[in-house]
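Given these sequences and hints, build the entire structure.
Listed here are the chains, written in short residue letters.
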Amino acid sequence: MGRTSETRLSFMRLKGLIWKETKQIVRDPSSIGIAFFLPVALLLIFGYGVSLDAEHVPIGIVIEQPGPEANDFAAGFRDSDFFDPVFYESVQDAEKDLIERKIMGLVWTRSDFARTLLSGTTAPIGVIVNGVDANQARIVEGYITGVWIKWLSSYALSHGKPLSLPVNIKHRIWFNSAVRSRNFLVPGLVAVIMTLIGGMLTSMVVAREWERGTMEALLVTPVRIREIILSKVIPYFILGMGGMLLSVYISIVVFDVPFRGSYLALGFASALFMLTAIALGLIISTAAGNQFVAGQIAIVITFLPAFMLSGFVFDINSMPVPIQVITYTVSARYFVSILQTLFLAGDIWPIYLVNCLWLAIMAFIFFLIIKKKSHKRLI
Amino acid sequence: MDQAQSWQDDFCIEVSGLTKTFGSDDKIITALDNCSFKVKSGMVTGLIGPDGAGKTTFMRLCAGLLVPDEGEIKVLGMDAVRDFLKVQSNIRYMPQRFGLYEDLTVQENLDLYSDLLGIPKERRQERYEILMRMTGLAPFKQRLAGRLSGGMKQKLGLACTLIKPPRLLILDEPTVGVDPVSRRELWEIVYSQVEEEGMSVLLSTAYLDEAERCQEVILMHEGHTLGQGVPSEFSQKLDGHCFMLDPGSIPKRSLQRELANRDEVIDCIILGEKIRLVTIDTLDSSQVKQIFQLPDEVEVAHAPPRFEDAFIWLLKERLISLGRDVKLKVITHKKISDLPDEDIIVVKNLKRRFGNFYAVNGISFTVKRGEVFGLLGANGAGKTTTFRMLCGLLPASEGELYVAGENLRKARAKARERIGYMAQKFSLYVDLTVIQNLNFFSSAYGLYGKKQRERVEWALDAFDLRQEANTLSRDLPLGFKQRLALAAALMHEPDILFLDEPTSGVDPLARRQFWAHINSLADAGVTIMVTTHFMEEAEYCDRIVIMKRGKILAEGTPEELKKKYHPPGVDNPTMEDTFITLIEMKET
Chain U
1 MGRTSETRLS FMRLKGLIWK ETKQIVRDPS SIGIAFFLPV ALLLIFGYGV SLDAEHVPIG
61 IVIEQPGPEA NDFAAGFRDS DFFDPVFYES VQDAEKDLIE RKIMGLVWTR SDFARTLLSG
121 TTAPIGVIVN GVDANQARIV EGYITGVWIK WLSSYALSHG KPLSLPVNIK HRIWFNSAVR
181 SRNFLVPGLV AVIMTLIGGM LTSMVVAREW ERGTMEALLV TPVRIREIIL SKVIPYFILG
241 MGGMLLSVYI SIVVFDVPFR GSYLALGFAS ALFMLTAIAL GLIISTAAGN QFVAGQIAIV
301 ITFLPAFMLS GFVFDINSMP VPIQVITYTV SARYFVSILQ TLFLAGDIWP IYLVNCLWLA
361 IMAFIFFLII KKKSHKRLI
Chain H
1001 MDQAQSWQDD FCIEVSGLTK TFGSDDKIIT ALDNCSFKVK SGMVTGLIGP DGAGKTTFMR
1061 LCAGLLVPDE GEIKVLGMDA VRDFLKVQSN IRYMPQRFGL YEDLTVQENL DLYSDLLGIP
1121 KERRQERYEI LMRMTGLAPF KQRLAGRLSG GMKQKLGLAC TLIKPPRLLI LDEPTVGVDP
1181 VSRRELWEIV YSQVEEEGMS VLLSTAYLDE AERCQEVILM HEGHTLGQGV PSEFSQKLDG
1241 HCFMLDPGSI PKRSLQRELA NRDEVIDCII LGEKIRLVTI DTLDSSQVKQ IFQLPDEVEV
1301 AHAPPRFEDA FIWLLKERLI SLGRDVKLKV ITHKKISDLP DEDIIVVKNL KRRFGNFYAV
1361 NGISFTVKRG EVFGLLGANG AGKTTTFRML CGLLPASEGE LYVAGENLRK ARAKARERIG
1421 YMAQKFSLYV DLTVIQNLNF FSSAYGLYGK KQRERVEWAL DAFDLRQEAN TLSRDLPLGF
1481 KQRLALAAAL MHEPDILFLD EPTSGVDPLA RRQFWAHINS LADAGVTIMV TTHFMEEAEY
1541 CDRIVIMKRG KILAEGTPEE LKKKYHPPGV DNPTMEDTFI TLIEMKET
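Sequence lines, in order, name chains U and H. Per my numbering, residue 1 is the first one in the first sequence, and the count goes up by one each step. Per my numbering, residue 1001 is the first one in the second sequence, and the count goes up by one each step.
A couple of the hints might just be wrong.
As the list claims (entries may be wrong) - Quick list of the computed label-pair ranges, beta carbon to beta carbon: (1) U:LEU304 <-> H:SER1192: 52 to 62 Å; (2) U:ILE32 <-> H:PRO1304: 56 to 66 Å; (3) H:SER1397 <-> U:ILE365: 47 to 57 Å; (4) U:MET308 <-> H:PHE1426: 36 to 46 Å; (5) U:ILE299 <-> H:GLU1102: 19 to 29 Å; (6) U:ILE299 <-> H:LYS1586: 33 to 43 Å; (7) H:LYS1410 <-> U:PRO29: 54 to 64 Å; (8) U:ARG8 <-> H:GLU1102: 48 to 58 Å; (9) H:ARG1143 <-> U:ARG8: 31 to 41 Å; (10) U:ARG8 <-> H:GLU1195: 30 to 40 Å; (11) U:PRO29 <-> H:SER1397: 20 to 30 Å; (12) H:ARG1143 <-> U:ILE238: 42 to 52 Å.
As the list claims (entries may be wrong) - Sample of chain U residues facing chain H (criterion: CB under 10 Å; computed from the structure): (13) LEU14; (14) VAL223; (15) LEU378.
As the list claims (entries may be wrong) - Not close to chain H: a few residues of chain U, all C-beta gaps over 10 Å, as computed: (16) LEU17; (17) VAL40; (18) ILE63; (19) PRO68; (20) ALA74; (21) TYR88; (22) ALA114; (23) SER154; (24) TYR155; (25) LEU157; (26) GLY213; (27) PRO222; (28) THR286; (29) PRO322; (30) ILE361; (31) LYS373.
Honestly, the hints are just simulated from the structure, not real lab data. Don't be surprised by glycine CBs; every beta carbon is placed ideally from N, CA and C.
Given below as structure tokens:
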């Protein structure tokens, strides 16, 4: 009996293990939950609920001296999808509601609105925006400016008067021309969902084998450690890719997110990312002795970074430099970048390939660690 | 060609100078300390010893799961360290928690292990049929392993290891917590394999009565081997040392306590209404009467020696050589007002349901004041659930429940003041020292000031914990932990004490010490309710009920039950024989 028979992979053993793992996934409500229910729930929450856009913002309008011009201007707010205007008699009333956060901002037309309108000297309207939420304040401020300029230019045009504004900005937004935050949030979510399946689910199922003593029994069979690792990687890889397909389908069909790249590129990058996620999950499981600890560690070192440090919600470039450095160790960062490019811009190969290279390097390093850490011993 | 075939036929395991330690520099636990012995091939060898003896560590070393610090292990002639993959291809190992996938069916578990062991598909069916017939699992092929009873799980675990009969089978405590009937079946399976396949079997057990079923035993304690040999040889040495005493009208507990601490005595325990005595010297009945100055009414008769006697002897010798005190300690407890024959616990048609499953299904019994009342049964019989309801920790689904005159379904808090409870798992704070635990539990029971200090002092003295007062309880040996847990349950001087499997895993001397405490409490009038899966401990109780699957099968004194369910053709039946006869009678 040579050394080969002890080290060679056996297809029968591997098949048996994968078959076992598959049955366990199907029978365990928590794996089904994490793999299918959670993606759908997260997509719905982020697709419908969380939005970085301002829509139907309650805004206070005060018209000190009603007149055709002032009324026409106010109507501009009423017609906009972005605002739900509330009308007040006096600025004081409106300020009170602003303080109580019933309205997000306040616009008032002064009594000499019509007169000073086109003089270009003094401002005929006053604007106050609640700045507690800086992000939303900026958006609301921008929208109000937009409404004002739009109305002013059409007013000038219809009255044949020259529009005298100091600067005239022309926006052109690329890639996400509708400026819908959903269009970049939802693709980013695919990375978070795959991290959950790869990192959290994998680490927990392996920890469960240790916890229940099944791993000990498994180790003392002719099984090879590589077969055990492969039997965990393969089913969860397929499950993760399934989660990815489901999320992509929901993104495109339900949320109308444009997809401008090629599906092949998406599949390849997802596969690479899935490997890094599963590998990290396996590393966690070797460190944690039970499911609870494995779950906690997985949340802290896979899920939360994928959420916060991947550029999925928070822009990496506006983070402090030390944090930016940390983001390079988060594989989701590279994948989010690939996803957002593929969905919104198309196959931009330089970006795509650089990020894929990083993912490949990370996967390689992780599997090296696993190879070093896993052996058929208890300690 | 096969290196494995060139091993000497005589021994399946040979170890020399084997040492294994765990932990880091400041806290080193020596699991095995310079052990050298050989395990013979083609027979069943038992590794006998309490928890912490090093049994599991030794088995894991043999299975190539651990690497020794020092020494050599040869398994089937192969080096278990260097060639562990080869070893693992030739042996089967069943860890303590059987290692079955509970979310797979019986059939799927078998299929998985067939795949792992590389059994060709065409040869499987035949093997499965043999295994199913042997284990009686055929009707349950499609049942999830998690839904099987404890005994069936162990049988399935065994079947999985026997799919491809190995040359060496290593079983780590295969019978712990399993009901006696399944236990007997497991032994039959093991022996049939040894005979039919010429297999070598190494198994560990904490039940000393099981040692007698092994062809050879290795006795272990705290990482040392105390002895090796044929079990009957061990007990034969004590032929003429063992006696049965019928105390007549003399209180059995005080007599036992007095005898147990005599220097001439190896062991003295209560067996039902009688006392079993093992002396250091060979004596006859009249010498026993004379030496121990027994009153005339005490009848003395010779009794056959048991394996346990020999183990106790070896253990005592070793402990004395280490300078440890082996005398049994007695504790004092306030005398509970004498109201003889008062029913202090009354249970009527008690039920507890979890989902569709009745863990306790209509049980009724009464316990009198000052009784030691035992609840016997295998794992899953419903003992712990019953206990939790009696302590007011779990509401009953149906039925009536009175403890110390209080209706537990209405006035739980009131009844609890009079109850002490010691849970199955060590339930004190492992990050606190002994004294901190005692302080905490006494204040949790509402003690403060002088009274509290008195009780803590009492506990330190009574349970011999003073030396360890500032030790973190996680670092205590198991026997000390149990004493500490008992002390904590007694801080408020309860008149009813619930003990849930208090002695599982401790060595027989620690078990005797624990029972000495229980007996002195019983003498003070404390009512004691205890669960156990050690059938032998039932003999220490005044009255017992035997439970199975949530129901009571029998109730009575140990003597009554032994008489009623007397196995045919057995002279001095043990409680275990009685249990098996009872189950057989109930099932036919």
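- Message: Checking a non-interface call: every C-beta of chain H should be farther than 10 Å from the C-beta of U:TYR155. Is that right?
- Response: It holds; U:TYR155 is separated from chain H by about 71 Å at its closest Cβ, greater than 10 Å.
- Check on U:ILE361 being off the interface with chain H, judged by Cβ distance over 10 Å: Given that every Cβ of chain H is farther than 10 Å from that of U:ILE361, nearest at about 32 Å, it holds.
- Minimum Cβ separation between U:PRO68 and chain H greater than 10 Å? 73 Å, holds
- Non-interface claim for U:SER154, where every Cβ of chain H lies beyond 10 Å: 68 Å, holds
- Item | Outcome of range test on Cβ distance (U:PRO29, H:SER1397; 20 to 30 Å) | 26 Å, holds
- Between H:ARG1143 and U:ARG8, does the beta-carbon spacing fit 31 to 41 Å? 35 Å, holds
- Message: Is 48 to 58 Å respected by the C-beta to C-beta distance linking U:ARG8 and H:GLU1102?
- Response: Between U:ARG8 and H:GLU1102, where Cβ atoms are some 31 Å apart, the hint is violated.
- Task: Take the C-beta atom of U:ILE32 and the C-beta atom of H:PRO1304, compute their distance, and say whether it sits inside 56 to 66 Å.
- Result: 60 Å, holds
- Holds or violated: 47 to 57 Å for the Cβ distance of H:SER1397 and U:ILE365? Check passed, 56 Å falls within 47 to 57 Å.
- Consistency of the no-contact label for U:VAL40, given chain H and a CB cut of 10 Å: 24 Å, holds
- Message: Take the shortest C-beta to C-beta distance between U:LEU14 and chain H; is it under 10 Å?
- Response: 9 Å, holds
- Task: For U:LEU304 and H:SER1192, compare the CB-CB distance with the range 52 to 62 Å and indicate the outcome.
- Result: 56 Å Cβ-Cβ, so the 52 to 62 Å window holds.
Checked against the numbered hints above, the structure breaks hints 6, 7, 8, 12, 16, 26, 27 and satisfies the rest.
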